[in-house]
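Chains as they are written, first to last, in this note's numbering: chain V, 599 to 848; chain P, -8 to 543.
The set of hints was computed from the structure by calculation and includes no laboratory data.
Be a bit skeptical, because a hint or two may be false.
[As the list claims (entries may be wrong)] Some chain P residues close to chain V (C-beta under 7 Å, calculated; not the full set):
| id | residue |
| --- | --- |
| 1 | N97 |
| 2 | N324 |
| 3 | T328 |
[What the hints assert, rightly or not] No farther apart than 25 Å at their CA atoms in a straight line, the calculated lysine to any residue pairs in the SDA-like style are these:
| id | chain 1 | residue 1 | chain 2 | residue 2 |
| --- | --- | --- | --- | --- |
| 4 | V | K703 | P | W102 |
| 5 | V | K703 | P | A339 |
| 6 | V | K606 | P | V195 |
| 7 | V | K703 | V | E734 |
| 8 | V | K703 | P | T192 |
| 9 | V | K606 | P | A339 |
Yeah, the Cβ is synthetic: ideal placement off N, Cα and C, and Gly gets one too.
The primary structure of each chain is shown beneath.
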Amino acid sequence: MPEVMHRKLERTATGFMLAIIAAASVGGIVEIAPLFTIDDTVEAAPDMRLYTPLELAGRDIYVREGCYACHSQMIRTLRDEVERYGPYSLAVESQYDHPMLWGSKRTGPDLARIGGKYSDFWHVNHLNNPRDVVPESNMPSYRWLGTTPLKLSDLPLALRAQRAVGVPYTDAMIENAARDAYGQAVPDSEQSSGVTERYGEATQISAFDGVTTNVTEMDALVAYLQVLGQLTRAAYENPAAPQQMPDPDD
Amino acid sequence: MMQLTTGERQLGAIVLIALAILGIAMAAAGRTDVLGIHGAMVLLYSLALLFLLFSSAFGPEPSPARLTRYYDDPIKVGVGLTLFWAIFGMFIGVWAAAQLAWPILNFDTSWASFGRIRPAHTSGVIFGFGGNALITTSFHVVQRTSRARLADQFSPWFVLFGFNLFCLIAVSGYFLGVTQSKEYAEAEWYADIWLVIVWVTYFVLYVRTLALRKEPHIYVANWYYMAFIIVVAILHIVNNLAVPLSFAHAKSYTIWAGVQDSMVQWWYGHNAVAFFLTAGFLAMLYYYLPKRAERPIFSYRLSILSFWGITFFYMWAGSHHLHYTALPHWVQNLGMTFSVMLLVPSWASAGNALLTLNGAWHKVRDDATLRFIMMAAFFYGLSTFEGSFLAIRPVNSLSHYTDWTVGHVHAGALGWVAMITFGSLYTLVPAIWKRERMYSAALVEVHFWLALVGTLIYVFAMWNSGIIQGLMWRTYSPDNTLVYSFLDTLLAMYPYYIARAFGGLLFLIGAIVAAYNIWMTVRAPSAAQLPLDEDLPASDRPLDGAAPTPAE
């Protein structure tokens, strides 16, 4: 009689708690553990590059400002989403994302492939006051980003912590993190060449916020937005749904 | 006032001094980081509590007679904290809702922009309001159903004030831009570690009190409180594993990445709903409903079925938040399957609650407090049905990323969680303060209608906006092109955003009415002293009411 058994169980707190732990553990173990062991959970993308220190700093600002509360970065495998935003997102595209920013709500549009779709100038204007470029927008304005200097000194620590959780940053990348952030936001400076050397020729070097005398949080955030969907071509070369990747130089 | 013995006062002083030193260390190490601000807050918080402690430190030893009574002082403070966080969290919610309609309402400040106040709202209501309500009622229920006094007098205060320190650090952090961005687990690493310490103390206190019980069986409400305490600990620890930049920085990176992180996050996120916002509140339902209705729980078997069903099934359901994403299909399918199966134990609970009211429906008509509890059970049934429905893949393709999800969450949060809490508070407050009844039954009635109408306006607005936007996103013209730009679909949302803010405002006003009513109840002279033996742990008299004995 299960009912009699239960009457016995509910007379002992320890037994009851062990039963709770047992019952509650199964689901998580079955669903989470295989995601680390089944190889085709994450596709291969040999061309995948890492976030530069400036882009990582921009990502941290994206997290800090809670952008994920209104913008997803996950294009679902649905026809209308692929036609609106671009090829559907692959797991490999966020393999270095600690944490992932897939989001759960689209008060604004998806940003998984926003990189290269608008100019730096547009992004800066839009962030300063979204209603200047999209009059009906309900997005907050982020004016202070352009006047707040980016804290470059924390970047080596940030890259080191990223490496500790599994992102393959090299010693040279960690050592030069602050230099590289400066070099990416100040084109033609002596620090710029190191950025492409370490992160690849495709890295965008630009005065993102239009000012080259200092590196601001605006530089970092725009650099991050411009690299979204650009770290690998895997989604565009996906045989199930091949598409043309937007070219940032257009 | 707090009945603390000299030893307990000394222990309290040592813990608070240690905490103050920790605050100084954080402030010094993090002086160039936001961590420093939190260090200063920890310092001030512990100094304020030290002041409170010392102001009664040299009083006489409490009488040994106290041990023959329940220990209700922490519950009284807990009620106040619950109401404070309710009003704070709901106010931030109304503000955030209004910003979506009128974006100018952040006044161009960083700290009040939507992305920062949104987690302040969710943490404020879930952890501040919900968490304090759970801790407070669990202290009440575990004593009454075990007929035992809380195992000691120090741990309840440590749990209560420690948990509120966590809430304070978490919520203030979001305004300052300190967040992990993991939904409903935004607090950073140091707050997370602190919560683990508080939670272990809570667990130990709970188990020790159960061990003192004079009832051979553990009553069903305690099953749910135990599941709440244990599973929340597991979820919290696994989801929040992270590496900070350094011990002088607030910022950390989670050890999970990409697709695995998404699964861990929604395994956590959905089970925060299950074990924070459902299990603990079902515990309230199983105690305060039979108490208030003066009817035994309809079916003991249904209680067992729904408890184990919820504990086992819920943990599989999280992946329904990730339909059509880069999460492998097999996990999505498991999540969908278990979410649909969850309807069985969920409706077993809701049905058990509503059937308990058979024979007491005239009381539901006359007593707004019981009506709160009844309506909570009804909304529990409604939102669990909706949850299973939204977890079905094709339905989710429409609803996901839209306001429908927000509406669903609020049908649960306002209709179920908040209503069962207020119903429980209106039952608990007169009992704890030894009053015959609440200060004003009419105000309870007013609160009930404000809460119900507010919830309905909110939920209908979000159903409409969510379904409309979902449909607009996928509308094709005859020549196979998308008809609406994203902006078109946003424009269609504005009327609903205004309606939603209004519905939320009504609910907030209701909470303020509740706080006033409870304050006046506490202030009223305790004219009608309940006979003491009605409410004693040690008496041999069988417990009154049906609550603590399972129905046959």
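Evaluation of the provided hints:
no.: 1; hint: N97; in the structure: holds, 5 Å
no.: 2; hint: N324; in the structure: violated, 11 Å
no.: 3; hint: T328; in the structure: violated, 11 Å
no.: 4; hint: K703(V) x W102(P); in the structure: holds, 21 Å
no.: 5; hint: K703(V) x A339(P); in the structure: violated, 31 Å
no.: 6; hint: K606(V) x V195(P); in the structure: holds, 22 Å
no.: 7; hint: K703(V) x E734(V); in the structure: holds, 19 Å
no.: 8; hint: K703(V) x T192(P); in the structure: violated, 36 Å
no.: 9; hint: K606(V) x A339(P); in the structure: holds, 22 Å
Hint compliance for this structure: hints 2, 3, 5 and 8 are not met, and every other hint is.
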